[in-house]
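Peer 1: Sequence:
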Amino acid sequence: MEGEGAVRPRHGKKIFNLTAPVSGVVLAGVFAGSLGLMTGGDSEDKEPRTTRPAILAADRGEEPPEPGRASQPDKSRAEPAKPPATCKPSQAKKRKYANGRIPTRDLCPLPERGEFLRADAAVAFYKLNAAYKKRFGKDVCVRSSYRTFAKQKQLYDRMPAGMAARPGRSKHGDAIAADFCGGVQNDESPQFKWMLANSKKYDWVHPKWAFSSPFEPWHWEFDVGQDA
Numbered sequence: 001m002e003g004e005g006a007v008r009p010r011h012g013k014k015i016f017n018l019t020a021p022v023s024g025v026v027l028a029g030v031f032a033g034s035l036g037l038m039t040g041g042d043s044e045d046k047e048p049r050t051t052r053p054a055i056l057a058a059d060r061g062e063e064p065p066e067p068g069r070a071s072q073p074d075k076s077r078a079e080p081a082k083p084p085a086t087c088k089p090s091q092a093k094k095r096k097y098a099n100g101r102i103p104t105r106d107l108c109p110l111p112e113r114g115e116f117l118r119a120d121a122a123v124a125f126y127k128l129n130a131a132y133k134k135r136f137g138k139d140v141c142v143r144s145s146y147r148t149f150a151k152q153k154q155l156y157d158r159m160p161a162g163m164a165a166r167p168g169r170s171k172h173g174d175a176i177a178a179d180f181c182g183g184v185q186n187d188e189s190p191q192f193k194w195m196l197a198n199s200k201k202y203d204w205v206h207p208k209w210a211f212s213s214p215f216e217p218w219h220w221e222f223d224v225g226q227d228a
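Here the UniProt record's numbering is used: the first residue of the sequence shown is 1, the next is one more, and so on.
By construction, these hints were calculated from the structure, which means they are not laboratory data.
Misleading hints may appear alongside valid ones.
Below 30 Å or equal to it, Euclidean Cα-Cα: the simulated BS3-like pairs (lysine-lysine) are [said to hold, decoys possible]:
(1) LYS151 / LYS82
(2) LYS134 / LYS208
(3) LYS193 / LYS208
(4) LYS127 / LYS94
(5) LYS151 / LYS93
(6) LYS133 / LYS201
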């Protein structure tokens with residue numbers, strides 16, 4: 001017995017009527033699509049998106065880094081990073097630049113991509129970083145280091161009065177200060193306590209003012225003789 005979808009022509013060859021099966025496939029697809037819209041389907045966003053509140057920090061005025069951003073330390077290196085051979089501390093003080101006007105070519109890159117410091121501060125940081133990595137298994141997370149005059153002005157205009165250094169007076173503009181993250185920004189964390197106990201061995205300090213006016217546990221400076 002022939003199926004309902006079969007048609008027998010004059011020459012005896014059987015031709016199948018594909019209209020019914022195709023229609024069924026189309027209807028099934030439409031139904032599946034409708035079901036997907038109701039249940040969320042296989043969309044990559046399987047969890048509801050949430051709006052992360054912007055947190056402004058004193059002397060930073062920047063939002064916390066996004067997870068997975070390039071600013072995260074490189075945890076793939078087995079050995080601590082070493083400063084480039086071009087970073088010569090003896091040359092640092094010989095180069096006289098106004099605050100926030102230091103060309104990048106005269107700064108030294110840090111392990112954190114896009115972050116720079118003056119040569120003497122950078123070399124000292126690399127030593128601090130090696131000790132930190134031995135203790136915690138990863139590089140020191142750096143949120144912000146050298147800041148141009150334009151960047152300082154942007155933060156000064158954006159932050160409430162007294163929460164950011166006046167443009168041209170920030171230690172960031174002299175390329176001898178850095179804001180640490182990865183736990184150091186929390187004064188109750190093991191990372192902060194370790195840093196407080198050990199940083200002076202490597203000529204880095206948490207300045208006295210940063211304990212209270214305003215409170216900035218993340219702010220650290222290369223000690224070149226200033227009052228800490």
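Peer 1: Compare the structure with each hint and give your call.
Peer 2: Do the hints match the structure? See the list:
1. Between the alpha carbons of LYS151 and LYS82 the distance comes to roughly 28 Å, so the proposed pair stays at or under 30 Å and holds.
2. Taken as a hint, the LYS134 and LYS208 pair is honoured in the structure, with Cα atoms around 27 Å apart against an allowance of 30 Å.
3. Simply put, LYS193 and LYS208 have alpha-carbon atoms about 15 Å apart, close enough for the 30 Å limit, and the pair holds.
4. Our distance criterion of 30 Å between C-alpha atoms is met by LYS127 and LYS94, whose separation comes to about 22 Å.
5. Among the hinted pairs, LYS151 with LYS93 is consistent with the structure: their alpha-carbon atoms are about 23 Å apart, no more than 30 Å.
6. Among the hinted pairs, LYS133 with LYS201 is consistent with the structure: their alpha-carbon atoms are about 15 Å apart, no more than 30 Å.
In terms of the numbered hints stated before, the structure departs from none.
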